[in-house]
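Peer 1: Listed here are the chains, written in short residue letters.
Number of protein chains: 2
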Amino acid sequence: MSRESAFIDRLRSFASDPAARGLIDDCAVLPFGSRDIVLTHDMLVEGVHYLADDPPEDVAWKLAAVNLSDLAAKGARPIGVLLGYPLGESDWDQRFADGLQKVLAAFDVALLGGDTVSGAGPRQIGLTAIGEVESGAAPSRAGAQAGDLLCVTGAIGAAGLGLRAALRGDEASGFIAAYRRPHPRLIEGRILAPHAHAMADISDGLLIDAARIAAASGVAVRVELESIPLPPGTAQDSEARTTAATAGDDYELIFAWPADLTLPQLETTKIAIVGAFHEGKGLRLFDGGKIVPLPRKLGYEHGAS
Amino acid sequence: MSRESAFIDRLRSFASDPAARGLIDDCAVLPFGSRDIVLTHDMLVEGVHYLADDPPEDVAWKLAAVNLSDLAAKGARPIGVLLGYPLGESDWDQRFADGLQKVLAAFDVALLGGDTVSGAGPRQIGLTAIGEVESGAAPSRAGAQAGDLLCVTGAIGAAGLGLRAALRGDEASGFIAAYRRPHPRLIEGRILAPHAHAMADISDGLLIDAARIAAASGVAVRVELESIPLPPGTAQDSEARTTAATAGDDYELIFAWPADLTLPQLETTKIAIVGAFHEGKGLRLFDGGKIVPLPRKLGYEHGAS
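Chain order of the listed sequences is A and B.
The number in the working numbering is simply the position in the first sequence, starting from 1, with 18 added.
The number in the working numbering is simply the position in the second sequence, starting from 1, with 18 added.
You may find that some hints are simply not true.
Copies of one chain are not kept apart here, so a pair can be met inside one copy or by any two copies together.
Capping the alpha-carbon separation at 20 Å, the derived lysine to aspartate or glutamate pairs in DMTMM-like fashion look like this [stated by the list, open to error]:
#1 Lys-120 with Asp-35
#2 Lys-315 with Glu-242
#3 Lys-120 with Asp-27
Simulated from the structure, these hints should not be mistaken for lab results.
All figures in this text were calculated on a predicted structure; none of them were measured in a lab.
In isolation and in its complexed conformation, chain A is listed as follows (with noise of 0.2 Å):
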């Protein structure tokens, strides 16, 4: 067991509040009067979760945008957030300033508060977002049943092409934008909430996301690589795609919905079946209609609860 395993694994021991969804999903959901509030905090660190050369705008844009893409794989909308920022260089820290009031005017969030304090080592910095949904409509990692459809909105693998384009200095990539700045699905994921059976932010890659929620459901999945949509203009083969389906940090929601259900024509974006849950456990991937080998690795394992 990794030692962060370990950690979550003694959190859960005591985090018995069925709020906190026993750690496994990726927002707190309390009941509060007539609607339930939704809670997440995540943090981003330099040089794990962004380039220490990453324009600071962007880093303050992403770490919005993870956050809020959490609520909206909870079909939240989202109120408000609060920032724990240790300072730095100066310049650093107004432009993290400029992008902060940016994202959150782009998505309509008031900065509510937080703290800051005198930072040394590699930046790290947490913001914690709250929101709102009606009473029960937040589906959670856990609701997942045989005979469901899997699902993705948008396109996969983008943020994947940003970050190789970051990585070699290209900035001209048309790609980096995924990778600095996603766009969390909140209007997506507030008509796709009430209906659908379970629902997370592709954060980490689409396997492991979906594996996640086939474990947290106790069902198995299957993933079908050709269905999976790859962005317009790239590589449209099976490498390609076993790449965006591991590369994680595209912030596309990933559901399983009930395959009795039409699914809703969105306006923002299109809807694509990759694969569907089934009684047992685990996930097989499939190309072509055949089995084909598991990946080494399916998606990033840095941690969230």
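Please build the complex by placing chain B on the supplied structure of chain A, with the hints as guidance.
Peer 2: Same frame as chain A, now just chain B:
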């Protein structure tokens, strides 16, 4: 202007939601149905807010306590917390988790979620706490009025004595616990909040926290040095009182009380009247009826918003 003030001013320029309270409060207070949600996020940084060789169980206790203390100052009932945790040495991490379980159980607060990341450099641990309060019942820092009494709960200065004992390695000191395991005044806060015109917790020092209430409220405050209640069994002179009033970390409540209202009798601790608010601006210190110079430092200036 300090780097930190500049950064917070920049954040303040767009933190325009009323729930943010202009970032002058330690908490956001968010109307939500028939009650208000109270949210706070505070971090502890190794070497800044705690000593590197403090026991990890106590660091967890303090992290929870400082956040719950912010809720106490709003008269809020705590509901739960989210943890932002950088993994380090695994024995330390496990002991931290033990301490977190203990402090959350002591105050009946749920662990709701959070994030763990790979840590490097000095530890920087964040916690978000959420609580609830009757609609409109949470006092702000900015409501003190001329004529109000300045009051504090408990005794002042025990944590400062504990810090000095810890620094000289005197683990037998009876004050160590006050520094490492402060008790948030949750019960007292709920009794005082509906009537106090303004309230905060003493995190950075009685003098600086009094001055901040006065500044936020647009009034002046005078503090009577000889009225500051010191822990029993310690020196009871002006020097000790000045040290206590600037030491911080006590997490007692400091509040503006309407002069025409009887102070409640608390079962758990005493309330002391240590000064008064009046027209004007600034802080003045009196000792034996005579004005005395302010100490060079009024308290800690590490920032919170």
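Peer 1: Are the hints correct? Go through all of them and say.
Peer 2: Taking the hints in turn, this is what the structure says about them:
{"no.": "1", "hint": "Lys-120 with Asp-35", "verdict": "between (35 Å within a copy, 15 Å between copies)"}
{"no.": "2", "hint": "Lys-315 with Glu-242", "verdict": "within (17 Å within a copy, 66 Å between copies)"}
{"no.": "3", "hint": "Lys-120 with Asp-27", "verdict": "between (37 Å within a copy, 16 Å between copies)"}
Violated hints: none; the structure is consistent with every hint.
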